[in-house]
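Chains as they are written, first to last, in my numbering: chain A, 1 to 224; chain B, 225 to 448; chain C, 449 to 746; chain D, 747 to 1044.
Heads up, some of the hints might be wrong.
What the hints assert, rightly or not - Okay, derived cross-link-like pairs now, DMTMM-like style, lysine to aspartate or glutamate, Cα gap no bigger than 25 Å in a straight line:
(1) 109(A) <-> 544(C)
(2) 304(B) <-> 828(D)
(3) 304(B) <-> 811(D)
(4) 89(A) <-> 949(D)
(5) 313(B) <-> 871(D)
(6) 334(B) <-> 749(D)
(7) 53(A) <-> 663(C)
(8) 313(B) <-> 62(A)
No lab work stands behind these hints, which were simulated from the structure alone. Fair warning: this is a prediction, and the values are worked out from it, not measured in the lab.
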Amino acid sequence: MIQLFNVTKSYRKDSVALKDLSLEIGKGEFVYVAGASGAGKTTLLRMLYAAEKPSRGQILIDGQNITRIGRQKIPYLRRKIGVVFQDYKLLNSRSVYENVAFALEAQGKKRYEVSKKVYQALKEVGLEHRLNRTPLELSGGEQQRIAIARALVVDPLILLADEPSGNLDQAVATEIMGLFRRANARGTTVVLATHDPGLYKRFPRRLISLDGGQVVSDYRPDTV
Amino acid sequence: MIQLFNVTKSYRKDSVALKDLSLEIGKGEFVYVAGASGAGKTTLLRMLYAAEKPSRGQILIDGQNITRIGRQKIPYLRRKIGVVFQDYKLLNSRSVYENVAFALEAQGKKRYEVSKKVYQALKEVGLEHRLNRTPLELSGGEQQRIAIARALVVDPLILLADEPSGNLDQAVATEIMGLFRRANARGTTVVLATHDPGLYKRFPRRLISLDGGQVVSDYRPDTV
Amino acid sequence: MLDKMRYFIMRALRNMRQWPFLCAASVLTMAVALTMVATFFLVVVNVEQLTQRWSKDLQVVVYLDRAPAPSALTQMVSSIREMAEVAQVIHVTPAEAMAQFRQRLGENAALLQGVDNDILPGSLEIALHAQYQQRDGMDQLLARLKTVAAGHDIHYGQDWLERFESFVSVLRLTGLALGGFLLFAALFIVSNTIRLTFYARRDELEIMALVGATERFIKTPFLLEGALQGLFGGLLALLALTLIFKGILVEIVHSLWVTPAAFSLLFLNGHQQLILVFGGVLLGVFGSLTSLKKLIQI
Amino acid sequence: MLDKMRYFIMRALRNMRQWPFLCAASVLTMAVALTMVATFFLVVVNVEQLTQRWSKDLQVVVYLDRAPAPSALTQMVSSIREMAEVAQVIHVTPAEAMAQFRQRLGENAALLQGVDNDILPGSLEIALHAQYQQRDGMDQLLARLKTVAAGHDIHYGQDWLERFESFVSVLRLTGLALGGFLLFAALFIVSNTIRLTFYARRDELEIMALVGATERFIKTPFLLEGALQGLFGGLLALLALTLIFKGILVEIVHSLWVTPAAFSLLFLNGHQQLILVFGGVLLGVFGSLTSLKKLIQI
Ligand SMILES: Nc1ncnc2c1ncn2[C@@H]1O[C@H](COP(=O)(O)OP(=O)(O)OP(=O)(O)O)[C@@H](O)[C@H]1O
Ligand SMILES: Nc1ncnc2c1ncn2[C@@H]1O[C@H](COP(=O)(O)OP(=O)(O)OP(=O)(O)O)[C@@H](O)[C@H]1O
Ligand SMILES: [Mg+2]
Ligand SMILES: [Mg+2]
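Given the sequences, and given the hints that come with them, work out the whole structure.
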């Protein structure tokens, strides 16, 4: 599903965020990307949804080489991918409902379909009663859950979640992990960037550890 | 240093974020405010730096009743308080240096003093080499550390930190906790809101637990 | 398709409701610019109307200093009539000239009492076809007239016409320059206002792109918004123009001429009014387009 | 204090450099508005100058239909001279009147040949003191003249003056209305542009307030920025006005009058130029102020 061949990314001349990274993530896998602050986790995810182009190397998503595709094709790539951004990226001037509906409307979904799906997604993250508020009227954790709902509402082929539990207490984090696992069970490939060792200790899955932009370990627990 | 008397806060008619809260935090104390997502941690801190007025009740900071002070006095109150915001609140159009210098300039500090202090504060959070970048060119954890540097650079009487380690790996989080403890040792009163039980298990201090806007426990470990 | 259009329109309208002051700024700027351009257009059009009216009166007069023999006169008149430029030749006898002179003197006519009726020379008033009522080619005609009516004085309002024509050409040039400048300024301001609007909503544009919206999906509501604002701006300009016309231009003309009835001012005709409003729409769309071009590159 | 001021100015300049297109939008808007207001002012001032010049020629003429006896004439002249409004009385004899008439006829003077020199009536041309050269109070003077010069015709340019005065008053009113409207529009657009700027930087304002900046500390650079932009706008307007004056107004007048040397157009004097530029500064500051008022409430 996701293949990286010798990918290097440097934002500036002097510093390298990712160094000669090669990686393969199969369809339906559930993968943690771990690493210290500044290890390159977000950079890796950003390249997968084509927000950033690699300086060198090739990336294949669902068989498509995304380092080569034109600007007009990027939206269609992104429709296959649900992203939970590290900084949420919610629209503060729009209601919670609209924020989640946005992702469906952008893909041209019909109105009745939109409202049904949005309500269901909000219910799954436990915020259906916050429908009409704006993100600024929510707590940090609630905002994060809206971001998660928006990523899941489109039933993506691939789910990229960047630190999705940074502002969640353990109980809610466990619930959210349940959502991810259910999506994974339905066939979604999940890539979850985190620095929280607790997370992958509680839900052991394949764990790719980054350090200084390089893979330092790629561990698959036997149980899965 | 901080006293709350029967403080109630409701943003909307139907929902209450804080309920009849009374609390006293002494000078030089180090206090955790814990609680699940939506428990009211951020709301409590926001009232302490006068971003929000309580619906009922009184709040005294350093002997001053801040529910009664005029708008013109609020800046002078805030100069005593360093805040690490849950969403960082960095200026994306300004460099890292300027972001931190901002807090000092706003207080009318001299130029030579500003540059010295800013450099030192950045060094303490390990980001002195990121001086000229903008926040958008930093990783999530780096941004969080800039926010911490900005709160500490003013040598505040009170430090309010809202989830300051949500995007930090354990090693960096430990370093940051060291910074807070050193500031605390210099006399700064520290109030740290978090949902991470690991934090107060590793550095046991007074722990105020909120749930549904009420104090459910106020625990002081014997060791301190 | 229809469903999508409705969605776009709804989004455009919602945006306008959400940012009323942004919307008002754009609309007002366009209205002011369009009003000014249109006002200038009206002034130029009316001055040109005036020129044409005056040109109609343009005629060549041959003063018959020594009354010619009737047969010579008839021949002179007929050979002048044959010239392509000439529409009509009227022979004014000395008595008729005196009557006209008396009329022109008005109140002071009394002072001509006792004056001999033959004292004024007779004349031939030569009216020209409309297409020849201009200075170009006039020299040729005059040369030919001189041979036909040799020995007589030939007059025509050359000085006056030259002056007036240069005035009209300066006015037209001014109109062009000022109108161009104003439209450019309006476009600049509108495009900037819209760019600012985008800047204020840049997160929205970015997030749209990140969740898989195509460029067309992102841009269309903004273009619609620009078009709608332009429409309002154009309508407002039409209203303002009507007020300016009725309240100011007509007043000025009334105060200058005693008999304004004879000279009715032109307002924009239906076609031109449509162009004005449509110009607003174009301005809005173009303003949006120039701003949008640079903004979306996520 | 000085240190702080330098800091404020630096911040204002940095902002302007960081948002060049915002800055340009404000400056251009103000320049356009000020230019238009000033152009209109120039037109009104020059038309008024013209009126005054023409008013100077305003005089009352008593036509002596039947030549009075020399003694009666002397007495009439001296009693008219005694009137407070009267500056000068000139007796024009029939012969002099004929000479003037002949001059006025110009080329056509020939047709007066053989006309008796006594045919025109003599007249008394009464020049008025400057302060009485207006229609108010003229009726009184005329009444008194009528008793003194009973039986003679009294003329003055009443019709023409009335018409011209009403024209000037309409022009003045138009100027006031249009100028007011334009200034208002400029203020609205500038204030909106600045408000948009603030909106685009709202996070900056919020964060400043949160780290303990006073309202004055937050506002001052913006006010300075507004003032600076207004200054540029005013200077630009002055430049544009000079170009419009030299390139257009003077051209128009030259094309209309043959001898423009006699009538030199007025430009803004130094004082008025200063007012124009200062008006820009005021516009910028006021625009910033109105936007700032609502924005800071954190
Ligand atoms: N836009 C950018 N321009 C320049 N450097 C950047 C940019 N984005 C990230 N970097 C740098 O690249 C490195 C990796 O950043 P990245 O955001 O991928 O880290 P991360 O693993 O997500 O860290 P965190 O856990 O703190 O979010 C960091 O050193 C960061 O400073
Ligand atoms: N501006 C607001 N308007 C309305 N409701 C609000 C507002 N801010 C917070 N709330 C509500 O008040 C409650 C407490 O919010 P608060 O931000 O204090 O929670 P928190 O303890 O900080 O949670 P988290 O750990 O998720 O950040 C939540 O239910 C939230 O929805
Ligand atoms: Mg990251
Ligand atoms: Mg919070």
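Hints violated by the structure (listed by number, smallest first): When the structure is compared with the hints, numbers 1, 2, 3, 5, 8 turn out to be violated.
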